[in-house]
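Q: These are the residues of each chain, in order.
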Amino acid sequence: MKFLRDNIDKIKPLFEKDGKLEKFYYPFEALETFLFAPDHTTPNKGAHIRDAIDLKRLMSTVIVAMIPCLIFGMWNVGLQHDLATGETTDFIGRLGMGAFKVLPIVIVAYAAGLGAEFVFSIIRKHPINEGYLVTGMLIPLVLPVDIPLWQVALASIFAVVIGKEAFGGTGMNILNVALTARAFLYFAYPTDISGEVWTYFGDADAIAGYTGATPLAIAAGAKGSVVEAFSQLSYLKGAPLFDMFMGYIPGSIGETSTLMCLIGAAVLILTGTGSWKIIFSGFAGAYIMGMVFNMASTGMDPNAEGAATFVSFMQMAPVYHLVMGGLAFGVVFMATDPVTASHTEKGKWIYGFLIGVLTVIIRVVNPAYPEGIMLAILIMNVFAPLIDHYIVQANKNRRLRRATV
Amino acid sequence: MSKTIKLKRGFDINLAGKADKKIASCPQPEVFAVKPLDFVGMQRPKVTVKVGETVKAGTPVLFDKKLETVMYTAPVSGEVVEIKRGLKRRVEEIKILADKEFAYEEFKAYGAGDIAGISREEAQEQLTKSGVWPQIIQRPYGIVANPADTPRDIFVSGFDSAPLAADYDFTLEGEEKYLQAGFDILAKFSGKAVKLGLKSGNDKVFKGLNNVEATYFDGVHPAGNVGTHIHKVAPINKGEVVWTVNPYGVAQIGKLFIEGKYDASKVIAVAGSEIKAPQHYKTFSGACINKFIENNMEQTNVRYISGNVLTGTRVEDKGFLGYYDSLFTVIPEGNEHELFGWALPTTSKLSFQRALGLFSWINRNKEYTLNTNTRGEARAFVQSGVLEKMVPMDLYPTYLLKSILAQDFENMEALGIYEVIEEDLALCEFVDVSKHKIQAILRQGLDLLQYS
Chain A
1 MKFLRDNIDK IKPLFEKDGK LEKFYYPFEA LETFLFAPDH TTPNKGAHIR
51 DAIDLKRLMS TVIVAMIPCL IFGMWNVGLQ HDLATGETTD FIGRLGMGAF
101 KVLPIVIVAY AAGLGAEFVF SIIRKHPINE GYLVTGMLIP LVLPVDIPLW
151 QVALASIFAV VIGKEAFGGT GMNILNVALT ARAFLYFAYP TDISGEVWTY
201 FGDADAIAGY TGATPLAIAA GAKGSVVEAF SQLSYLKGAP LFDMFMGYIP
251 GSIGETSTLM CLIGAAVLIL TGTGSWKIIF SGFAGAYIMG MVFNMASTGM
301 DPNAEGAATF VSFMQMAPVY HLVMGGLAFG VVFMATDPVT ASHTEKGKWI
351 YGFLIGVLTV IIRVVNPAYP EGIMLAILIM NVFAPLIDHY IVQANKNRRL
401 RRATV
Chain B
1 MSKTIKLKRG FDINLAGKAD KKIASCPQPE VFAVKPLDFV GMQRPKVTVK
51 VGETVKAGTP VLFDKKLETV MYTAPVSGEV VEIKRGLKRR VEEIKILADK
101 EFAYEEFKAY GAGDIAGISR EEAQEQLTKS GVWPQIIQRP YGIVANPADT
151 PRDIFVSGFD SAPLAADYDF TLEGEEKYLQ AGFDILAKFS GKAVKLGLKS
201 GNDKVFKGLN NVEATYFDGV HPAGNVGTHI HKVAPINKGE VVWTVNPYGV
251 AQIGKLFIEG KYDASKVIAV AGSEIKAPQH YKTFSGACIN KFIENNMEQT
301 NVRYISGNVL TGTRVEDKGF LGYYDSLFTV IPEGNEHELF GWALPTTSKL
351 SFQRALGLFS WINRNKEYTL NTNTRGEARA FVQSGVLEKM VPMDLYPTYL
401 LKSILAQDFE NMEALGIYEV IEEDLALCEF VDVSKHKIQA ILRQGLDLLQ
451 YS
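These protein sequence lines map, in sequence, to chains A and B.
The first sequence runs 1 to 405 under UniProt numbering.
The second sequence runs 1 to 452 under UniProt numbering.
Any given hint could turn out to be false.
[Unchecked claim] Simulated crosslink set (BS3-like; lysine-lysine; CA at most 27 Å straight-line): (1) B/K402 to A/K45; (2) B/K435 to A/K45; (3) A/K346 to B/K389.
[To be verified] Label pairs and their computed distance ranges (CB to CB): (4) B/K108 to A/H389: 55 to 65 Å; (5) B/L448 to A/A188: 39 to 49 Å; (6) A/D39 to B/R120: 48 to 58 Å; (7) B/I23 to A/K10: 16 to 26 Å; (8) A/D18 to B/Q444: 28 to 38 Å.
Source of the hints: derived by calculation from the structure; they are not laboratory data.
Beta carbons: idealized from backbone N, C-alpha and C, even for Gly.
Same shape as in the complex, but just chain A (with noise of 0.2 Å):
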């Protein structure tokens, strides 16, 4: 490793100020701390001594967490295929063909991103953050398997343009970096994103009554019982809310496991990286929204002449939305993003709880959009900081109250 070490100090010279590549600074140093962590000591007062923790630690762990939506997701993209088409394929192969899809957009996803960001290192002078290598892998799993390579690298070069270098880097952005990235094509491509986009079919063609139809879409155009319609489709195969919380269904490349997000959610909270109480408040959100649904509903009937379209849907068991389309993964790994979420721990209760609200009002209500959640979390995003500001305010006011001047 001295060796190593060696040639990196022999080459440093040249990336530093007067060297012939000092405009390559930024993107020296970020290779270099990610081989060796630097050498910094702390200043010769405050602090001597630092916890070992850092953002590239903090940002890998997040990573780790999502590693089981993505194996699950390229399984899934395989099991998918063989549904639609009634081919029989064992796990490596699906896994096989899965991995041949999606591993393409990841690392689309990551060069196109990352060279975004290099670029605007070079530009701007500041250091690599390492927000991006969650957004990397985030823009993928909240894809469809088919979309093409042109708009994962488009929509992630926008992400890191507009929706955070804009606004000055990592830690300063407004809006979740790969929900931006998945707004731009929702709003740019949208043939390419919604509909019946989530199936890879490969040269195959699709079997008598396959449709391709994810649950929210069956959900959204049930008449009568929204369960009875989902045991009716081919790809549920055992009972439908079970099939649903394996993730045995068409949807984005990794957010269609509910298992797969909880053991995520489950990293993300031991180690302490991702708010527990966003992620239960999120759920719990859902959960009471659909109860809501419910009781409103009550005594209508989705079959009667004029019912309301969404009838059905409002009538359906709340647990199914738990564990149908992004929820899930929305709730584990974007809404608990940091920077965009509520900073302060009694907003986290009231952000995440609000995400799990607006995601089943938009399901069921708006025609529009088959899932909410995306939308949701851009506007609870914008929402953080006023529930930050009054939570902060009602601190200010307590100080405030005590004072005698």
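Once you've looked at the hints, dock chain B against the given chain A.
A: Just chain B now, kept in the frame of chain A:
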């Protein structure tokens, strides 16, 4: 029945190299120094002695032109051998070559029974002339108190929860009568009993003292910080002034009145993983550290810290102990690269957090050897909530720090800047994943409010 306040927030940093509870003998340092930089907020220091002059213990060597009544005096008698100046001729050290036998300036001595009869004015005059007054610190700002003020309350913390801190039950053993006299004198300034923070089972020297109102605190560091006690007992509001004194200062005040001399002797702990024999020594304020480290070091690439590892000041190998410090710490310097240091799993690096690969939470009782490496680079604020877990006060450190960085005076005040000084947010600096220099930022805010 005293009240006990349980604190949930904070973190005990369990460092290797705790000082044995014995007072070892080593040759007394030859040189002692008074360092104006020890006194936060000293604006225009004026040296009153010249090189070559001889001084007694208690002879004024310095004062602040902005607070002329308060004298800073020589801790030992001897000859002024150097007045070290730094940039812009800033006075850094007034060095005194100590006599073998000390001569003391004479101040009025009182019998223990006469203390009650001393007026506030008499007490103030003796304290300010003798060099003991700077032991009294004013909050807000954490500066030397202004004798013209009448404090709302005076607070003393009877235990130190900082890493490797000396135990007052040991270092002040036998000084109970001086402590009592000190509390009696202090009570004259606020007109009421001194508010004393204690820890159960660690209050031997403070038991049975009068003129104090004790509150017990139960919890991890910063449970022993006087700022924590103030916040929990009677928080500082805008426009209020409270004073704080550390127990050593209280005893020194008592000694001044009972013995009539400025006695700068103190028992200090010499601790840290790089000290071969961590133990206590009896010396004097401002002692040169060279005798304590001679033949006592595990290695040479180390950092010498006057004070504790969270708030102390780095000193050179011939540097001097700070005026307020009763602890001298030596830890390894961390000026080295580490291959994949940010990623490798480890049980040897202490962390409050539990991100991947950090396993110190498995064994909190283990003693850790920590060096001065920052363990990462400076970044913008990213992680939320963790700083708040380090401060057992009802305030939001992250918002406070951001308001300081934005120079938002109104918010700084509203968010509680008057209630904190550096030591109160020192743990935040330790745990911060973004590696901000939090204490320096806080001082910047306090300076802004104080001087503008």
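Q: Given a hinted range of 55 to 65 Å, is it respected by the beta-carbon distance of B/K108 and A/H389?
A: Check passed, 58 Å falls within 55 to 65 Å.
Q: That 48 to 58 Å hint for A/D39 and B/R120 (C-beta), does it hold up?
A: For A/D39 and B/R120 the Cβ distance comes to about 54 Å; the hint holds.
Q: Does the beta carbon distance between B/I23 and A/K10 stay inside 16 to 26 Å, or does it fall outside?
A: Given a distance of about 52 Å, which is not inside 16 to 26 Å, the answer is violated.
Q: Can you let me know if the beta-carbon spacing of A/D18 and B/Q444 is within 28 to 38 Å?
A: Check passed, 31 Å falls within 28 to 38 Å.
Q: Within 39 to 49 Å or not, the Cβ separation of B/L448 and A/A188?
A: For B/L448 and A/A188 the Cβ distance comes to about 46 Å; the hint holds.
Q: Holds or violated: A/K346 with B/K389, Cα cutoff 27 Å?
A: holds, 13 Å
Q: Does B/K402 pair with A/K45 here, judged by a C-alpha cut-off of 27 Å?
A: Holds - the C-alpha atoms of A/K45 and B/K402 are around 21 Å apart, at most 27 Å.
Q: Can you confirm whether the C-alpha distance between B/K435 and A/K45 stays at or below 27 Å?
A: holds, 14 Å
Figure legend: structure checked against the earlier numbered hints; the only hint not met is number 7.
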